[in-house]
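Trainee: Model the full structure from these sequences, guided by the hints.
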Amino acid sequence: MNTPIQLKINLTEELQELLKSKASKFGIPLTQYVKHVLIKDVEGQEYPIFKASEETEREAQEALEQLDKAVDAKSFFQKLHK
400 MNTPIQLKIN LTEELQELLK SKASKFGIPL TQYVKHVLIK DVEGQEYPIF
450 KASEETEREA QEALEQLDKA VDAKSFFQKL HK
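Residue numbers (the working numbering): 400 to 481.
Just so you know, the hints here were simulated from the structure itself, not pulled from any lab data.
Just so you know, not all the hints are guaranteed correct.
No more than 27 Å apart at the CA atoms, straight line, and that leaves these computed lysine-lysine pairs for DSS-like [what the hints assert, rightly or not]:
(1) Lys439 / Lys421
(2) Lys421 / Lys407
(3) Lys407 / Lys439
(4) Lys407 / Lys424
(5) Lys424 / Lys439
(6) Lys434 / Lys407
(7) Lys468 / Lys481
(8) Lys421 / Lys434
(9) Lys424 / Lys434
(10) Lys419 / Lys407
(11) Lys468 / Lys478
(12) Lys434 / Lys419
(13) Lys419 / Lys439
If you anchor each label on the Cβ, the simulated ranges turn out as follows [to be verified]:
(14) Phe476 / Thr455: 25 to 35 Å
(15) Phe425 / Glu461: 53 to 63 Å
(16) Asp467 / Thr402: 28 to 38 Å
(17) Ser452 / Ile404: 23 to 33 Å
(18) Thr402 / Gln444: 18 to 28 Å
Quick reminder that beta carbons are idealized off the backbone N, C-alpha and C, glycines included.
Mentor: What follows is the structure, given as structure tokens:
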């Protein structure tokens, strides 16, 4: 899920005025213009994919092999509270 975050940046007054000027040419707020510039900068790039460690790969494989032994968490905790 792509949950938006807020990003706080510090700009010099000169840079802020330049960006405001560019944003006003498009009739959009400064924040929207900065977001547009950032999106254009990374457009077409893929997020990096990191390889899991051997230990993580091994544990994941073990978990998959034991999938038939899995229990439903909701019913497990309901039984604990009886």
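Trainee: All the hints need checking, so say for each whether the structure fits it.
Mentor: Outcome of the hint check:
no.: 1; hint: Lys439 / Lys421; verdict: 15 Å, holds
no.: 2; hint: Lys421 / Lys407; verdict: 20 Å, holds
no.: 3; hint: Lys407 / Lys439; verdict: 19 Å, holds
no.: 4; hint: Lys407 / Lys424; verdict: 24 Å, holds
no.: 5; hint: Lys424 / Lys439; verdict: 17 Å, holds
no.: 6; hint: Lys434 / Lys407; verdict: 12 Å, holds
no.: 7; hint: Lys468 / Lys481; verdict: 22 Å, holds
no.: 8; hint: Lys421 / Lys434; verdict: 13 Å, holds
no.: 9; hint: Lys424 / Lys434; verdict: 15 Å, holds
no.: 10; hint: Lys419 / Lys407; verdict: 16 Å, holds
no.: 11; hint: Lys468 / Lys478; verdict: 17 Å, holds
no.: 12; hint: Lys434 / Lys419; verdict: 13 Å, holds
no.: 13; hint: Lys419 / Lys439; verdict: 18 Å, holds
no.: 14; hint: Phe476 / Thr455: 25 to 35 Å; verdict: 27 Å, holds
no.: 15; hint: Phe425 / Glu461: 53 to 63 Å; verdict: 54 Å, holds
no.: 16; hint: Asp467 / Thr402: 28 to 38 Å; verdict: 34 Å, holds
no.: 17; hint: Ser452 / Ile404: 23 to 33 Å; verdict: 27 Å, holds
no.: 18; hint: Thr402 / Gln444: 18 to 28 Å; verdict: 20 Å, holds
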